[in-house]
Structure formats: C-alpha cells, structure tokens
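Visitor: Each chain is listed here by its residues.
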Amino acid sequence: MLGQNVRKQERKPSVGLGVAAPLLVTLLLLLLVLAVVALGLGAVATPPADVLATLLGGGSELTRRLVLELRLPRVLAAALGGAMFAVSGTLLQAVVRNPLASPDIVGVGAGAGLAVTLLLLVFPQAPDGLMPWGGFLGAWLAFGAVTLLARDGLRLPPVRLALLGVAVGAACAALQQLILLRAPDPIGGALAFLSGSVYGAGWEHLTRMLPWALVLLPAAWLLHRRLDLLTFSEDTALALGHRTWLGRLVAVSTGVGLAAAAVTSCGVLGFVGLVAPHLARLLTGGLHAAHLPVSALLGALLVLGADTLGRMLLPPLEVPAGLLTTLIGAPYFLYLLRQSSRMGA
Amino acid sequence: MTLARVPVMVWYAAAALLLGVAALASLVYGVLQIPAAEVLRALQHPDESRASLAVWDLRFPRLLAAGLAGSALAVSGTLLQGVTRNPLSDPGILGVEAGAALGLSAALILWPALGLLSVPLAFVGGLLAAGVTLAFASRPGLSPLRLTLSGVAVAAVCRRLTWGMQLLWPDRAQPALLALGGSVAGRTWEDLSQTWFWLLLPLVLALTVGSRVNLLALGDDVARSLGRDPRRELLLLSLLGVLLAAGAVALCGPVGYVGLLVPHLARALVGLDHRRSLPLAALLGAALVIAADVAARLIDAPAETPIAILIAALGTPFFVWLARQVRA
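Residue numbers (this note's numbering), protein chains in the order written: chain A, 11 to 355; chain B, 2 to 329.
Bear in mind the hints are in silico, worked out from the structure with no lab data behind them.
Where hints are given, some of them may not hold.
Each pair of labels, with its calculated beta carbon distance range [stated by the list, open to error]: (1) B:P318 x A:L131: 22 to 28 Å; (2) B:P318 x A:V132: 45 to 51 Å; (3) A:R165 x B:F319: 19 to 25 Å; (4) B:P176 x A:L224: 42 to 48 Å; (5) B:L201 x A:V132: 43 to 49 Å.
Footprint (simulated), chain A over chain B, 3 or more residues, beta carbon under 8 Å [as the list claims (entries may be wrong)]: (6) 17-26; (7) 206-212; (8) 283-291.
In this text the structure is predicted, and so the values were computed from the model without any measurement.
Using N, Cα and C, we set each Cβ at its ideal position, and we do this for glycine too.
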C-alpha cells in the first residue's frame with residue numbers, strides 16, 4: 011500500500027536498493043576513475059598506472075609522497091565533503107518537504123561557518139575534534155532561528171523557509187566577515203577554506219569530519235523508512251502511527267550534523283546539497299533506500315569533479331571547488347524555482 | 002495612517018535636519034576629533050592647518066561619497082519597489098548590486114586602464130543580473146518570494162565569480178577589494194570625480210519621474226488607459242534604478258538593505274505618492290549612510306567597520322519582519 015502511494019506521487023517509478031544496484035556500481039566506478047585521475051594531477055603529473063601501483067603499496071618514494079601525503083587527503087576530503095552535503099540536503103528536503111531546502115539555503119552552512127570562526131578565535135587551543143561540535147551547535151542555532159521565523163502557525167511554508175534562511179544566512183556571513191576582518195593574520199588565513207575549497211586539505215582536515223561521516227552517513231541510511239514517511243503529509247504519517255516530531259528531530263539533527271562537519275573541512279560548497287539530491291531523485295524516484303546512497307555518490311562526484319576541473323582549468327592557478335559548484339547549482343536552483351511557480355507552490 | 006497627516010514639508014525639514022546633523026558629525030568625528038566651530042571655519046577658509054586638511058582632503062570627499070551612494074540606493078529601491086509593485090524589491094535583493102560589483106571588479110582587474118568607464122561596466126553587470134533575476138521570477142506575476150530567491154541565486158553566482166577573479170589575479174585584485182568592501186573609508190576626490198556624474202544626473206532625473214511610477218504602481222491597466230505603454234515605462238524606470246545602484250556600487254561597493262529600508266520608511270511617513278516619497282527617500286538614504294559611516298569610524302576606533310555590515314544589522318531584522326508579512 012505504501013509503495014502504491016509513492017508511485018502515485020512520483021512521475022518516475024521509485025526503485026528500491028536492489029534495483030538501484032547497477033546504478034550504484036556505475037557511480038562508484040566513475041568516482042574511482044575520477045579519483046585516480048585527480049590523484050595523478052598536479053605540478054608533477056603521475057600516470058594512472060603509477061597511481062594505482064602507489065595505492066597498492068608500490069611506487070617510488072617521490073610518487074608515494076605526492077600521491078599519498080599531498081593528493082589523497084584532498085581527494086578524500088572533496089569526495090567525503092560532497093557526499094555529506096548531498097546526504098544532508100536529502101535529509102533536510104525530506105523533513106521540511108521542500109525542494110528548495112539545502113544546507114546552504116536554510117542557513118545551516120553559514121551558521122556552522124560562523125560558529126567555527128568564533129571557536130577558532132576565542133579558543134585557538136581547542137582540540138581539532140571540537141570544531142565539528144562547534145559547527146553543529148552553530149548550524150542548529152541558525153536552522154532553529156530560520157524555522158521559528160518562517161513558521162506560520164503549524165505550517166512551514168516552503169518558500170518562506172528559503173527566504174528566511176537566506177536572511178539568517180546572510181546575517182551569519184556578515185558577522186563572520188566582520189570577525190575575519192578583525193582576526194590576526196594566521197587565523198584569518200587558516201579560515202580561508204571556509205569560503206568553499208578543499209585547496210590544501212591535509213589529513214588533519216579529513217580527520218575532522220571522518221568520525222562524523224562514519225557515524226552519520228550510516229545513520230542517515232538507517233532512517234530511510236522514516237524519511238519515506240516524512241515526505242507524506244502530516245496527517246498520513248500520523249494515520250500510519252508515526253510520531254512525526256521525533257523522527258523529524260532525529261533526521262534534522264543528522265542532516266545538520268553532516269553539513270556542519272563537512273563545513274569544518276571544505277567550507278560551504280554552494281548548492282551541492284541542493285543539486286545532488288535532485289539529480290538522485292530523477293534517477294531513483296522518491297524512496298530513500300536507494301535515494302540516499304545515490305545522492306551521496308553524486309555529491310562526491312560533483313565536488314571531486316569540480317575540484318579536479320578547477321585544478322585543470324588554469325594551472326598553476328586553482329579555481330575553488332565551491333565556485334564551480336555554485337556555477338552549476340545556482341542556475342539549477344533558478345530552474346527549480348521556475349518549476350515550483352508553475353506547480354503553484 | 003496618522004503619520005501621513007503631518008504636512009509633507011515637516012518630514013522634508015526633519016530629514017534635511019537629520020542629514021545636516023549627520024554630515025556635521027561626519028566632519029567632526031574620527032581619529033582626530035575636530036570641534037564643530039573649527040570644522041565650519043575650515044570649510045569657509047581652507048588653510049594648511051591639520052584640521053583644514055583633514056576636513057577638506059579626507060572627510061569631505063568621504064561624506065559626499067556616503068551621501069551620494071545612500072541617496073542613490075534609496076531612490077533606486079523606491080523606484081524598483083514602485084514599478085515591480087513588490088515590497089521586497091531592492092537593488093541588493095534583485096542581485097543588481099552583486100552584478101554591478103562583478104562588472105566593476107572585471108573592469109578593475111582585467112582592464113585597469115579603463116578608469117572612467119568602470120561605471121558603465123558596473124551598470125552592464127547590474128543590468129544583466131537584474132534581467133536574469135526578473136526573467137526567472139516573472140512568471141506568473143512577480144511574486145515577492147520568488148523574486149527574492151531568484152535574486153539570491155543570481156547574486157550567489159555573481160559573488161562567486163567576483164571572488165574567483167580575485168583569487169585568480171590576486172596581485173591586481175587589491176583595488177577591486179578596496180572598492181568593493183562595502184565601505185566609504187578612504188574615498189578621495191579622485192574617486193568622486195570618476196563617479197559623481199553617473200550618480201547626480203540619474204538622481205535629479207529620478208526626482209522628476211514620481212508621477213510615472215505612481216501610474217505603474219496603480220497597475221498596467223490604469224497606465225494603459227492613460228495612454229502610457231506599461232512595459233516601456235517599466236523598462237525605463239528599472240533602467241534608471243539599476244543605473245543608480247550601479248553608481249553607488251562603483252563608489253562604495255555593495256551596501257545591501259538601504260534600498261529596502263529607506264523606501265518603506267519614506268512611504269510610511271508621506272504615503273504612497275512617489276512624487277513625495279522619492280525626494281524624502283533621497284534625503285533619508287543620504288542621512289542613513291552618512292550616520293552609518295560615522296558609527297563605522299567610532300565603534301571600534303581606530304579600526305574601520307564596513308558600513309555594509311552595520312546597515313545589515315539594521316536591515317536583517319526589518320527584512321525578516323517584511324518577509325513574515327508576505328503571504329506564502
């Protein structure tokens with residue numbers, strides 16, 4: 011019965027995880043190929059065969075240093091960060107039932123960025139592992155403010171949510187800019203990545219978000235049935251015996267945590283959390299069992315692709331990944347907006 | 002509204018007084034505090050004294066820049082809100098400021114020799130941004146919410162491109178970064194000499210178009226029945242609004258919310274007639290930005306806070322309030 015309902019809502023038939031397996035394998039292979047290309051790219055180019063050999067334990071001292079110590083953390087940070095933003099966007103879109111929700115649009119990215127900036131300035135000695143926690147707190151505060159302000163009685167009008175997310179996000183960004191202007195130089199430089207780049211990401215950047223990814227990505231997948239329920243109307247979910255507020259709280263916290271941890275390593279990668287879930291929905295339909303992993307892989311591909319392209323465009327200059335994802339994502343957002351107006355939202 | 006019953010002249014006088022006080026304060030306060038009497042003397046008889054140099058070479062051009070940019074943004078916002086019949090229209094929200102900033106930094110980075118032509122390029126950038134925003138938002142009708150969200154996306158692209166250009170040519174980006182900081186700190190007579198013309202002419206022009214904005218604000222049908230082509234009017238008046246915003250950006254970088262805040266205030270005071278609200282918005286906009294600039298100097302002296310951030314502190318709550326009024 012559930013399946014029928016979903017099928018009525020979606021234009022494309024929804025698929026479960028089993029049916030999506032070939033898609034997942036294809037995306038994974040694409041990601042691996044892209045990663046090998048990215049690992050070989052740089053001032054000293056490394057042929058793919060050497061990259062593979064190095065990854066498997068061989069290779070010369072120099073290639074080992076280049077590939078494993080300099081390029082691998084960056085590639086992993088890009089892929090992981092992209093996946094986390096994408097899954098965060100998937101969760102938020104399901105919970106607020108809003109195609110325009112994404113971590114950067116509902117203020118989560120900016121809130122996390124502001125909190126991380128504050129944390130680094132006020133407690134420069136704080137252990138690295140504390141950063142995602144600070145970001146999590148800031149992101150939740152920003153998201154809470156946005157939802158409280160956008161609320162209309164019990165309803166949460168989608169477009170108003172996006173509107174107020176923009177306002178709160180802009181305010182957080184302005185505050186952050188003010189703080190960065192005043193910051194002593196080394197810290198200001200250390201925070202440059204917050205504007206959306208994996209340039210110079212080392213192992214320490216990666217380890218900041220890795221524990222969060224290891225816990226929250228599987229957690230998000232475990233939530234897939236609840237997410238399916240949440241996308242129904244409030245009444246349907248209640249009739250199916252589902253306590254919506256608890257499910258929502260858990261799902262939102264997971265989404266906010268993923269975005270906040272990703273911000274501490276890659277900064278705000280514009281529009282990834284919006285575009286990847288949408289593309290995934292086009293490919294898999296609405297059921298989250300398949301939607302979540304496909305979205306994660308697409309997000310990883312998008313950011314790694316943007317970063318790799320950014321390194322290839324104008325060497326030795328690096329075009330930040332966040333710039334390219336925005337250039338792709340913003341027009342798509344405009345297109346969505348146009349569609350939503352046609353549907354009368 | 003009871004406020005509207007107060008004679009219009011009273012509000013003009015009050016706004017002019019406010020502007021005068023803000024202007025005097027902006028000449029008096031700073032790293033070197035100069036007594037008001039000394040300022041007035043230096044204004045009448047410039048000489049080689051420290052006070053005179055500070056007033057004439059540093060503070061006066063800065064005061065004029067703040068005043069001109071403030072007037073331009075406020076008038077631009079009044080025009081855009083009037084012709085789009087949309088309470089959330091303003092050059093910042095429509096993406097015009099970000100587009101103008103992109104055009105300007107392209108000019109400063111790619112063709113540093115352009116100088117005077119940088120304002121037209123800012124205008125082109127602002128115009129393109131506004132065009133894209135309106136194109137995506139304008140079906141069916143200009144819903145305030147969709148307009149804002151399209152503006153946000155367009156502004157995000159423009160800002161990222163500006164940022165990318167600054168990253169790619171870091172050695173040439175310094176003047177662009179200074180010009181686009183959302184601040185009037187360090188504006189000189191030279192900066193003014195390159196931009197005043199682009200601001201003053203459209204400002205004067207804008208003060209004469211009040212009745213045309215009134216017609217459009219009444220709706221396309223009324224405009225048409227009175228023999229005007231509403232599309233052409235909309236285009237001309239929007240062009241004027243974009244030109245004003247681009248000039249303001251060329252002078253002090255993007256300063257959001259002035260064009261949102263001031264027109265609402267002006268309308269609350271003198272009512273919906275744009276023949277009355279446009280001049281009042283010009284006075285209040287100048288006073289607001291000049292006052293913000295004084296505050297920017299004093300808050301954390303001797304460091305300077307960008308006025309854009311101070312005005313955002315006022316503007317954000319107001320925007321939130323407005324957005325909550327709009328029916329979703």
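Visitor: Could you tell me which of the hints above the structure violates, numbers in ascending order?
Guide: Of the numbered hints given earlier, those the structure breaks are 2, 6, 7 and 8, listed in rising order.
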